[in-house]
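Peer 1: Each chain, written out:
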Amino acid sequence: MSHPGRSTSRWLPWHAGIVFGFLYLPIVTLIVYSFNGSGVGGFPPRNLTLDWYRMLFADEAIWTSVLNSLVVAIAAMAISLAFGIPAALALDRANFPGKTLFRRLVLLPLILPGIITGLSLLMLFREADLKLSLLTIVLGHGTALISVATTEVFAGLQKLDRAQEEASLDLGANYWQTFWRVTVPNLRLPIIGAALLILTLSMDEIAVSFFLIGRDNTLPLEIWGRLRRGITPEINAISSIIFVFSLVAIMLWYRLRVSAEGKAEIATELVEAA
Amino acid sequence: MFSRAYRAAITVPPLVWVAMFLLVPYALLFCYSFWSVSSTQTIVHTWSLDNYRELFRVNVYLQTLLRSMWIAARVMIFALLLGYPLAYYLSFHAGARKDLFYQLVIIPLWVSYLVRAYAWKTILGSDGVLNTLLQYVHLTKHPLEFLLYSPFAVVLTLTHIYTPFAFLPIYASLEHIPRNLVEASHDLGASPFQTFWRVIFPLSIPGVLAGATFAFVLSLGDFLAPLLLGGPSGIMISNIVVSLFGAAYNWPLGAAISLIMLLLVLGLIFLSERLEKKWSFR
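Taken in order, these protein sequences are the chains called A and B. Each step along the first sequence adds one to the number in this note's numbering, with nothing skipped, and position 260 is 264. Each step along the second sequence adds one to the number in this note's numbering, with nothing skipped, and position 12 is 35.
Same shape as in the complex, but just chain A (with noise of 0.2 angstroms):
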C-alpha cells in the first residue's frame, strides 16, 4: 500500500492522539476520583479510598435498581429476539405489501431521538389504561430493540447458504425442526452478537424510559434521581463498574463479530442499519 503524502500526514497522529484524549479524558476521570477520598471534584485527586466502593456496597437502592435494570434487559432481550429474528427472515425471504415502510419503522426507533419514541409510547399506554411500570419499560426497551436484532440476523443471512435449509427440507423436515436445527444454528454468531448488544443498549437506557418509569427505578433512572440531589464519588464508583461490564460486552461482542465476518464488514453494517 502507497502512503499518500508523508509530509501532509504528518498531523494526523496528532489529531488522532487529541480525539482519544477526548474521548478517554472523562472516563478516565470518573475512575480515578472514584477513589478520591475528598470529593467528587477537586485536583490533585487525595486521600486515596476504597470508602465510596464500600458505601455502595451497602446501598440496597442502587442494588434494587440493578436488580430491575436486569430483569428489564432480559425481558426485552426476549421481545427483541423474538420479533426481531422472524422480521429479519422476513425481510429477506418474503414480499408482502408495506415491506419498505415495515423496514423503515422497524430500523426508527435507532435514530430517531428517545425522545419522540418514549413519548409515543406513553401516549399508547395511557389511552390502553396500562399503568407505568417495568413491564412498560420492558416493552418499550423490546420493541426499539428489534431494530438491534433485526439489522444484526439480516446481515448473517447475507452470508448464509440457502442450499442448506433446502436440503433439509428435502429430506422432509418440517419448517419448523428445519428453524430450529438448521437456520438457528447457522445464525448463532449474530444471534447471540444481537443479544450482548441488547442487553448492554437497554441496561444503560435512559431515554425512553424516563417516560415510562412507573414506581421502580432502573439503574441509570436511579442514578438520574441522585444526580439532581447531589453528587458524591459514589456515582462514580456505580459509573466505573457500569464502564468495566460495558467494556466486557463490548469486547465480547466484538470477538464474535470478527470470527463471524472479519473485520472490515462489521463498521459497514453498524452504519448501514440506519
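Source of the hints: derived by calculation from the structure; they are not laboratory data. Treat the numbers as computed from the prediction; the structure is a model and nothing was measured. It is possible that some hints are incorrect.
[Claimed, not checked] Selected chain A positions facing chain B (Cβ under 8 angstroms, derived; list incomplete):
id: 1; residue: Leu16
id: 2; residue: Phe24
id: 3; residue: Tyr37
id: 4; residue: Phe39
id: 5; residue: Gly46
id: 6; residue: Ile78
id: 7; residue: Leu111
id: 8; residue: Leu128
id: 9; residue: Asp208
id: 10; residue: Ile239
[Stated by the list, open to error] Estimated spans, in silico, between C-beta atoms of each pair:
id: 11; chain 1: B; residue 1: Leu286; chain 2: A; residue 2: Asp96; range: 29 to 35 angstroms
id: 12; chain 1: B; residue 1: Trp302; chain 2: A; residue 2: Leu54; range: 52 to 58 angstroms
id: 13; chain 1: B; residue 1: Phe79; chain 2: A; residue 2: Phe61; range: 49 to 55 angstroms
id: 14; chain 1: A; residue 1: Asp55; chain 2: B; residue 2: Val67; range: 53 to 59 angstroms
id: 15; chain 1: B; residue 1: Leu286; chain 2: A; residue 2: Val32; range: 36 to 42 angstroms
id: 16; chain 1: B; residue 1: Gly212; chain 2: A; residue 2: Asp165; range: 41 to 47 angstroms
Yeah, the Cβ is synthetic: ideal placement off N, Cα and C, and Gly gets one too.
Model the placement of chain B on the given structure of chain A, informed by the hints.
Peer 2: Below, chain B without anything else, positioned relative to chain A:
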C-alpha cells in the same frame, strides 16, 4: 423454496407487533397534537389547529427550536472535524494498529450515555476537576463559571457522545474506496493533496452525510445533557416537551412540538439519503 405458510409465519408476528408498538404510538402522537386539555386536566378529543397556532404565537417555542438546531449544528460540525481526520488516519495510515484504534473508538460508543454526561459534569463544575486544576497551576484565580450550566457544556458533552457516531459511517465509506484508485491517482502524478481532494474526499461524501445526519438528529432531540449541564441558557426544545408532559401538563401541545421535531428529523434523513445516493459511486 419457502411455502406460503412459512412466509406468513415469519412476517405476521413482527408486523403485528411493530404496528401495535411503533406505528400506532407514532400515529397517536399525530392525533394528540390536534387535541387539547380541558380545565379539569382531561384530554379533550376534539380536533383543532390551536396547538400549532400557539406554537407560532408564543416566541419562546420557535426561539428554543432555533437554539436547539444551532447547538445540534455545532455538535455536527465538531463531530465531523474530530471524526473525519481520525477515520482517514485509521483507514489509510494506521497500519497494524488500525484494529486496536477502531476498537478504541467503538468502546465509548456503547458506554452509558449517562455515565459520560455525568463525567463531564464532574470535570466542568465550579469545584470541578478542570477549574481546580487551573487554579492549582495558577492559570486562573477564580473558577471559570461559563464551563458548566451553559450551551458550551451541552455542545462539548454532545460532541463527546456523538463523535463516534459521526466517525463510523465515514470510516466505512473510506474503507470501501478501492485502493487501486488511490494508487492510480499517484501513478498519474497527482500530489497527495490532489489525491485526497479529487479522489478520496468525493468518494467519502456518502459517509460524511450519514455521519452528519446522525450527529445532528440525535443531538437535536436530546434533553438529558441540557437538564444535567445546560442551565437556563442551555435549554433545548425537548426540555420544553418534557415539562409540557410533566408539571405543565399539556400533552397535546407537547405532542405538537414533538411532531414538528419528528417531521424535521424525517425530512433530514430523507434529504441525506437522496444526497447519499447522488454521491455514491456504486
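Peer 1: Among all the numbered hints in the text so far, which are the ones the structure does not match?
Peer 2: Hints 4, 6, 7 contradicted; others consistent.
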